[in-house]
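A.B. asks: The primary structure of each chain is shown beneath.
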Amino acid sequence: MTEFVYFYRGYEAPASPEEMQKKTAKWMTWLKDLSDKGHVKSLGEPLLPVGKVVKGKKKQVIDGPYAEAKDVVGGYSIILARDIEQALEFSLGCPIFEDGGSVEIRPFGQLD
Amino acid sequence: MEMEEHFFRHEFGRIVAALTRLFGVNNFALAEDVAQDAFCRAMETWKLRGLPKNPSAWLMATAKNRAVDILRRQRTARASQPELTRFLTSEWTLVPTVEEAFSTYAVKDSQLRMMFSCCDPLLSEEAQIALILHILCGFSVKEIAQAFMSSHAAIEKRITRGKKILAGSTKLFDLADADLPARLSSVLQALYLLFNEGYHGSSPEAAVRMELCQEAMRLVNLLIEQPALVTPQSYALAALMYLNAARLPTRLDGSGNLVSFFEQDRSLWDHNLIAEGQALLNLSASGTELTTYHIEAAIASMHTSAARCEDTDWTQIVSLYDMLMAIHPSPVIALNRAIAIAQLDGPERGLQEIHVIHDLDRLSSYPFYPAALGELELRRGNYPEAKAHFSTALSLARNPTERNFLQRRIDTCKN
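As you go down the protein sequences, you meet chains A and B in turn.
Under the numbering used here, residues 1 to 112 are what the first sequence spells out, in order.
Under the numbering used here, residues 1 to 415 are what the second sequence spells out, in order.
Treat the hints as calculated values from the structure; they're not laboratory data.
Among these hints, one or two may not hold up.
Computed spacing ranges between beta-carbons, pair by pair [as the list claims (entries may be wrong)]:
(1) S150/B <-> G100/A: 21 to 31 Å
(2) E89/A <-> L122/B: 54 to 64 Å
(3) Y383/B <-> E12/A: 48 to 58 Å
(4) K142/B <-> F7/A: 25 to 35 Å
(5) K142/B <-> K26/A: 13 to 23 Å
(6) L48/A <-> D361/B: 53 to 63 Å
Just so you have them, the derived chain B footprint on chain A, three or more residues with Cβ under 8 Å [stated by the list, open to error]:
(7) 13-25
(8) 36-45
(9) 72-84
With a straight-line cut-off of 27 Å between C-alpha atoms, the simulated DSSO-like cross-links for lysine-lysine are [stated by the list, open to error]:
(10) K22/A <-> K41/A
(11) K142/B <-> K22/A
(12) K22/A <-> K37/A
(13) K52/A <-> K70/A
(14) K26/A <-> K387/B
(15) K37/A <-> K26/A
(16) K53/B <-> K32/A
(17) K22/A <-> K108/B
(18) K53/B <-> K41/A
(19) K32/A <-> K70/A
(20) K53/B <-> K26/A
(21) K163/B <-> K108/B
(22) K22/A <-> K53/B
(23) K70/A <-> K142/B
(24) K142/B <-> K157/B
(25) K41/A <-> K26/A
(26) K70/A <-> K59/A
(27) K157/B <-> K171/B
(28) K142/B <-> K164/B
(29) K26/A <-> K59/A
(30) K37/A <-> K53/B
(31) K387/B <-> K414/B
(32) K32/A <-> K22/A
(33) K142/B <-> K163/B
(34) K22/A <-> K70/A
(35) K55/A <-> K41/A
Cβ atoms here follow ideal geometry from the backbone N, Cα and C, with glycine treated the same way.
Chain A extracted, bound-state conformation (with noise of 0.2 Å):
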C-alpha cells in the first residue's frame, strides 16, 4: 500500500443549519467507508478559511489564504491505496464534488 495525500479544495458555506448536518453527516460516512476497509491512515486536519501568506524575497505578508475560494484548501486526509489509480478511484466518492471543490491527490516522495 502507499500513501497519498487528498488535498480538499474548494469552500462553500452551505446556506442552513439543515444542509450543514447533511453535509457534515455525507463526509462523515464517505471517510468511514473508506476508513472501515482500511484505507484511510490519517483523517486529517481540517484548515480553517483564515490565515497568513509570506511571499518572495521580501517577504510580504498577505492576510487571507491567499488563492481565490474554489482553489482554498480546506484540508487534507492521508489514504492508502494500491496505486494511484486506486487513489483515484477511492476519491470520487467525495461529497466535495457536489459544491464544486476539487480534491488533489499526491503520492509522498520516497526516501528509498
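With chain A's structure known, arrange chain B on it following the hints.
C.D. replies: Frame of chain A, contents of chain B only:
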C-alpha cells in the same frame, strides 16, 4: 455516533438566542454571524474528524469563545442590552457572564424571550411564524418558502422586515413585562398556526409537514416547561397538538396516498402521544376561560379515544363544534361541524348544514369544501353530483397528493 435529526437546526436556534441576549437584539445580525461561523467550523472539523463526544458543548464552546473575543475587542458591550452592559465591560465579569448566558436555564429563557420578541404586534401573523421558524428553528428562507409553498422573495421580505422590527429594541422581550398576557396569546396563536400549516398545509411533502408540526410542539414544550408562563390555555394548545400529531402517521398510506379520516388504521396512531395529549388536556381543565384550543383539543380527544370509527361519540363532537362556532365562528369550522352532523344524522342533514354556512364564498378555493359535498352526495348514492363536486375539488387541489386522492374519489363515483 450519529447526529440527532435536525441537530444543527435546533442548536442554531439555541445559540442565536443566547448570543442575542449577550449582544442585544439591536445587534442581532452579529449574533447570526457568530452562530453561522461556529456552525461552519463545526462542519469543517467534524466532516473530517467525526463527531466530538459532546457536539452540543463543542458548538457552544466555539460560539462562547467568539463571543468573548468580540465583546472584548470591539467593546460591542456598549451597544448591547443595558441589563448586561455592566458585566460585559469589565474583564472580571466578562467571561462568567458569557458562561452564564450559555447555561441550560439561560438558553431556554433566551429562546422563550426570543419567541415573544418574534410575536411583535407590529408584525403580521405570517411574518411572526416565518421569523420564529427562521430564528428559533434554524430554517433558511429557502426552506420556509418550500414548506409554505410560497415564493422566496415573499418570505425574504417578511423576514427582513421582521428583523428590522426586532432590531428596534435593545432587549429581548421581558417576561416580567405588563404586556405578557397579550403577547403570550400571540405566541400561542403563532404556534397554533405553525402546527396547522404542518397538519393541513399545502406542502406536498409529508416529511416537511411533519417537521413543522414537530417544531411547533418543541416550542410549545418550552412554554409549558416554564412554570411562570404555563397557563391552562398553553396546556390546551399543547394537548391539541399532541392529540392531532398522534394521527399524523396514518394520514398517508404506504404509497404516499392521502387516506380518508374514516378509513385510517387506528392501530397505527401514536399511542404515546395520545396518552401525553390526554394528560395535557386534563391539566388544561382549570381556570375559568374556555378557549378554542380547549375545544379543539377536546374534539381531537373524542377521536383518539374511539377505538373504532363507529365508536365515535358524534353527539358530543357536534356539541363541541357548536361551542366552537359560538366562540370563534369560521366557515372551515362550520364545514367540519356539518360533516360531524352528517355522521350523526345522515348525509342529507349534513348537506343542509353546509348550504346554510355563512361566508361560504370564503371556502371557494378550499378543495375540501367541494370534496365534502362530493362525499355526502356519494353516500346518498348521487353519483353524477358526487363526481361533479370531486371534479371541482380536483381543480382546486394544491399538490399531487391531494390530486391523487381526489382522482381516486372521482373513480369511485363511476361504479
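A.B. asks: So, for every hint listed, does it hold in this structure?
C.D. replies: Status of each hint after checking the structure:
no.: 1; hint: S150/B <-> G100/A: 21 to 31 Å; result: holds (28 Å)
no.: 2; hint: E89/A <-> L122/B: 54 to 64 Å; result: holds (59 Å)
no.: 3; hint: Y383/B <-> E12/A: 48 to 58 Å; result: holds (57 Å)
no.: 4; hint: K142/B <-> F7/A: 25 to 35 Å; result: holds (31 Å)
no.: 5; hint: K142/B <-> K26/A: 13 to 23 Å; result: holds (19 Å)
no.: 6; hint: L48/A <-> D361/B: 53 to 63 Å; result: holds (60 Å)
no.: 7; hint: 13-25; result: holds (count 12)
no.: 8; hint: 36-45; result: holds (count 3)
no.: 9; hint: 72-84; result: holds (count 3)
no.: 10; hint: K22/A <-> K41/A; result: holds (25 Å)
no.: 11; hint: K142/B <-> K22/A; result: holds (16 Å)
no.: 12; hint: K22/A <-> K37/A; result: holds (23 Å)
no.: 13; hint: K52/A <-> K70/A; result: holds (17 Å)
no.: 14; hint: K26/A <-> K387/B; result: violated (48 Å)
no.: 15; hint: K37/A <-> K26/A; result: holds (17 Å)
no.: 16; hint: K53/B <-> K32/A; result: holds (17 Å)
no.: 17; hint: K22/A <-> K108/B; result: holds (26 Å)
no.: 18; hint: K53/B <-> K41/A; result: holds (22 Å)
no.: 19; hint: K32/A <-> K70/A; result: holds (25 Å)
no.: 20; hint: K53/B <-> K26/A; result: holds (19 Å)
no.: 21; hint: K163/B <-> K108/B; result: holds (21 Å)
no.: 22; hint: K22/A <-> K53/B; result: holds (19 Å)
no.: 23; hint: K70/A <-> K142/B; result: holds (24 Å)
no.: 24; hint: K142/B <-> K157/B; result: holds (12 Å)
no.: 25; hint: K41/A <-> K26/A; result: holds (20 Å)
no.: 26; hint: K70/A <-> K59/A; result: holds (25 Å)
no.: 27; hint: K157/B <-> K171/B; result: holds (23 Å)
no.: 28; hint: K142/B <-> K164/B; result: holds (19 Å)
no.: 29; hint: K26/A <-> K59/A; result: violated (40 Å)
no.: 30; hint: K37/A <-> K53/B; result: holds (24 Å)
no.: 31; hint: K387/B <-> K414/B; result: holds (8 Å)
no.: 32; hint: K32/A <-> K22/A; result: holds (15 Å)
no.: 33; hint: K142/B <-> K163/B; result: holds (17 Å)
no.: 34; hint: K22/A <-> K70/A; result: holds (21 Å)
no.: 35; hint: K55/A <-> K41/A; result: violated (32 Å)
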